[in-house]
Amino acid sequence: MSLDRDTVRKIAFLSRIEVADDTLEPLAGQLSGILDWFEQLKEVDTDGVQPMSSVTDAVLRWRDDVITDGGIREKILANAPEAMDGFFTVPKVVE
Amino acid sequence: MTSLLDLSLAEARDGLRAKDFTAVELTDAYLGMVEKHRGLNAYITETPDLAREQAKAADAALAAGTAGAMAGIPVGIKDLFCTEGVLTTAASHILDGFKPPYESTVSANLKKAGAVMLGKLNLDEFAMGGSNQTSYYGPAKNPWKAEGSDADLVPGGSSGGSAAAVSARMALAATGTDTGGSIRQPAAYCGITGIKPTYGRCSRFGIIAYASSLDQAGPMTRTVRDAAIMLGSMAGFDPKDSTSADIALPDFEAALTGDIRSLKIGIPQEYRPEGLDPEINALWDKGIDMLKAAGAEVVDISLPHTKYALATYYIIAPAEASSNLARYDGLRFGLRVEGKTLDEMYARTRAAGFGEEVQRRILMGTYVLSAGYYDAYYLKAQRVRARIAEDFRNAFKTVDVILTPTAPTPAFGIGANMDDPIAMYLNDVFTVPTSLAGLPGLSVPVGLSSTGLPLGLQLIGRPFDEETVLRAGDVLEKAAGFSAVPSLVKG
Numbered sequence: 001m002s003l004d005r006d007t008v009r010k011i012a013f014l015s016r017i018e019v020a021d022d023t024l025e026p027l028a029g030q031l032s033g034i035l036d037w038f039e040q041l042k043e044v045d046t047d048g049v050q051p052m053s054s055v056t057d058a059v060l061r062w063r064d065d066v067i068t069d070g071g072i073r074e075k076i077l078a079n080a081p082e083a084m085d086g087f088f089t090v091p092k093v094v095e
Numbered sequence: 001m002t003s004l005l006d007l008s009l010a011e012a013r014d015g016l017r018a019k020d021f022t023a024v025e026l027t028d029a030y031l032g033m034v035e036k037h038r039g040l041n042a043y044i045t046e047t048p049d050l051a052r053e054q055a056k057a058a059d060a061a062l063a064a065g066t067a068g069a070m071a072g073i074p075v076g077i078k079d080l081f082c083t084e085g086v087l088t089t090a091a092s093h094i095l096d097g098f099k100p101p102y103e104s105t106v107s108a109n110l111k112k113a114g115a116v117m118l119g120k121l122n123l124d125e126f127a128m129g130g131s132n133q134t135s136y137y138g139p140a141k142n143p144w145k146a147e148g149s150d151a152d153l154v155p156g157g158s159s160g161g162s163a164a165a166v167s168a169r170m171a172l173a174a175t176g177t178d179t180g181g182s183i184r185q186p187a188a189y190c191g192i193t194g195i196k197p198t199y200g201r202c203s204r205f206g207i208i209a210y211a212s213s214l215d216q217a218g219p220m221t222r223t224v225r226d227a228a229i230m231l232g233s234m235a236g237f238d239p240k241d242s243t244s245a246d247i248a249l250p251d252f253e254a255a256l257t258g259d260i261r262s263l264k265i266g267i268p269q270e271y272r273p274e275g276l277d278p279e280i281n282a283l284w285d286k287g288i289d290m291l292k293a294a295g296a297e298v299v300d301i302s303l304p305h306t307k308y309a310l311a312t313y314y315i316i317a318p319a320e321a322s323s324n325l326a327r328y329d330g331l332r333f334g335l336r337v338e339g340k341t342l343d344e345m346y347a348r349t350r351a352a353g354f355g356e357e358v359q360r361r362i363l364m365g366t367y368v369l370s371a372g373y374y375d376a377y378y379l380k381a382q383r384v385r386a387r388i389a390e391d392f393r394n395a396f397k398t399v400d401v402i403l404t405p406t407a408p409t410p411a412f413g414i415g416a417n418m419d420d421p422i423a424m425y426l427n428d429v430f431t432v433p434t435s436l437a438g439l440p441g442l443s444v445p446v447g448l449s450s451t452g453l454p455l456g457l458q459l460i461g462r463p464f465d466e467e468t469v470l471r472a473g474d475v476l477e478k479a480a481g482f483s484a485v486p487s488l489v490k491g
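Those protein sequence lines, which keep their order, are chains A and B.
With the first letter of the first sequence counted as 1, position 10 gets the number 10 in UniProt numbering; the numbers rise by one all the way through.
With the first letter of the second sequence counted as 1, position 463 gets the number 463 in UniProt numbering; the numbers rise by one all the way through.
Bear in mind the hints are in silico, worked out from the structure with no lab data behind them.
Label-pair ranges, simulated between beta-carbon atoms:
#, chain 1, residue 1, chain 2, residue 2, range
1, A, Q50, B, A69, 37 to 43 Å
2, A, D64, B, S487, 57 to 63 Å
3, B, D420, A, R73, 45 to 51 Å
4, A, E82, B, D375, 40 to 46 Å
5, B, D375, A, R5, 21 to 27 Å
6, A, V93, B, A371, 25 to 31 Å
7, B, G97, A, D85, 17 to 23 Å
8, B, S487, A, V93, 57 to 63 Å
9, B, N281, A, Q50, 32 to 38 Å
Below, simulated EDC-like cross-link-like pairs (lysine to aspartate or glutamate); rule was C-alpha separation at most 16 Å, straight line:
#, chain 1, residue 1, chain 2, residue 2
10, B, K307, A, D45
11, B, K397, B, E297
12, A, K75, B, E103
13, B, K307, A, E39
These stretches of chain A come out as covered by chain B in the derived footprint (C-beta under 8 Å, 3 or more residues):
#, segment
14, 24 to 31
15, 75 to 85
Here the structure is a predicted model, which means the values were calculated and not measured.
From the three backbone atoms N, C-alpha and C, an ideal C-beta is built for every residue, glycine too.
From just these sequences and the hints, can you work out the full model?
Structure below.
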């Protein structure tokens with residue numbers, strides 16, 4: 001399985017990571033190498049095997065639908081690179 | 001005061017209770033070492049003032065008879081655990097300046113038990129790596145050096161700072177986290193003990209997430225007894241983590257009976273691949289003989305899907321990481337690089353904030369989860385994961401614990417394997433299967449390589465049977481009598 005520049009560009013966009021044009025090619029080579037290595041899994045017979053997403057069989061717990069915290073706006077905003085009037089700020093998205 | 005530094009956690013605990021010395025004295029001794037060996041780059045942030053304050057409080061609690069199990073014990077916290085008001089970086093540029101407004105459950109538990117925090121320890125960026133070389137803050141160095149060489153070696157990873165600090169007497173114990181071997185492999189490389197408990201034993205709340213179905217916290221210590229004591233203070237049910245196990249916490253230290261007669265030890269043939277370093281093979285045989293001599297019964301077993309574990313892990317972990325790391329957007333905390341549009345700001349922030357390996361894993365994870373490839377890679381890997389877990393379930397029908405090497409080599413040089421991701425991934429070959437199955441795994445230092453570097457063996461147990469793992473580990477540790485220390489500790 002080998003990735004081309006366009007596919008890497010697309011994944012980079014989906015990942016929201018800026019990748020310079022001249023690094024697309026080496027990155028494609030590197031990722032393709034890893035994908036080739038993944039091919040070995042095809043040897044494993046997994047017919048009828050349920051995909052395992054968790055090691056615990058536990059069912060998610062229920063809790064009462066009550067407020068357990070809140071009122072910590074200042075604490076939450078304290079780490080923001082830019083905050084104003086109790087909000088996070090973003091670049092202008094509406095003209 | 002040097003003698004204080006030679007005490008194990010258990011001995012220091014007993015000494016504090018006997019009023020042989022105070023928590024302030026013990027803490028000062030460790031703070032001196034933190035300063036002395038700063039060149040190892042084990043700490044990202046030092047918190048000496050906080051440590052002295054906590055030590056005073058511990059002394060007061062000891063005097064009042066209200067001291068917890070870890071009262072006055074100076075520990076380092078891997079910088080992946082959120083600590084309230086104290087810089088928490090995950091060794092990433094993207095978390096610049098992040099001071100969490102809350103405390104992780106594990107570090108809060110340790111605090112409650114009276115532990116003293118010396119600082120935040122270096123790691124691979126977002127715990128992604130096996131050598132501590134992906135840290136934005138530069139690699140931590142292994143206190144050990146090969147005989148006749150002055151070259152710097154990696155401490156392993158991702159909990160490399162934790163392992164280096166415990167080994168160099170810059171902390172009496174440390175927290176680590178393990179996703180595919182990140183506690184056990186660095187413990188082996190630095191000649192210390194480390195246990196990854198069963199998935200669900202320690203709360204993940206407040207631990208910066210890498211791969212949520214695998215991440216688990218555990219102690220890194222000088223001895224197995226120390227690990228048992230510290231694990232008891234870290235673990236426990238936490239409603240804030242939906243995968244936290246709501247089961248009773250045993251007295252891990254009480255499990256160290258020294259008696260493993262009739263215990264069945266499994267030896268998986270698949271962990272002796274062709275080309276395995278003869279030294280590692282010999283060490284393993286030595287460990288088998290030690291357990292036999294202690295009365296255990298050794299049984300050959302098969303874990304047939306072992307060789308597929310690494311590829312499975314490197315699909316599942318990056319997939320989960322790509323999702324978990326989507327939260328770093330330049331908006332709510334950490335680094336922000338401006339852009340003309342919101343998307344451009346995200347992309348620039350993440351390109352500048354994440355290092356090469358983290359970016360590679362996010363891209364890989366995004367790819368294997370993307371439309372058209374999800375079934376072929378991600379679902380396939382989850383199915384193989386089920387077979388790997390099944391291998392262990394079958395093995396544990398006939399054995400009580402499994403003995404393997406921890407890592408295929410001793411610590412390697414800083415700079416090695418950096419241009420070959422797959423070669424780097426191979427360091428995790430013996431630890432990843434345990435992680436995929438969610439089982440407890442303990443690394444114990446057992447011997448030295450021909451070049452004088454520490455080597456460890458791994459004991460793997462049934463789910464939530466850390467007690468048997470620790471009991472066997474304690475016997476192995478005593479039989480091995482590993483007492484070597486890095487020359488910088490001697491000098």
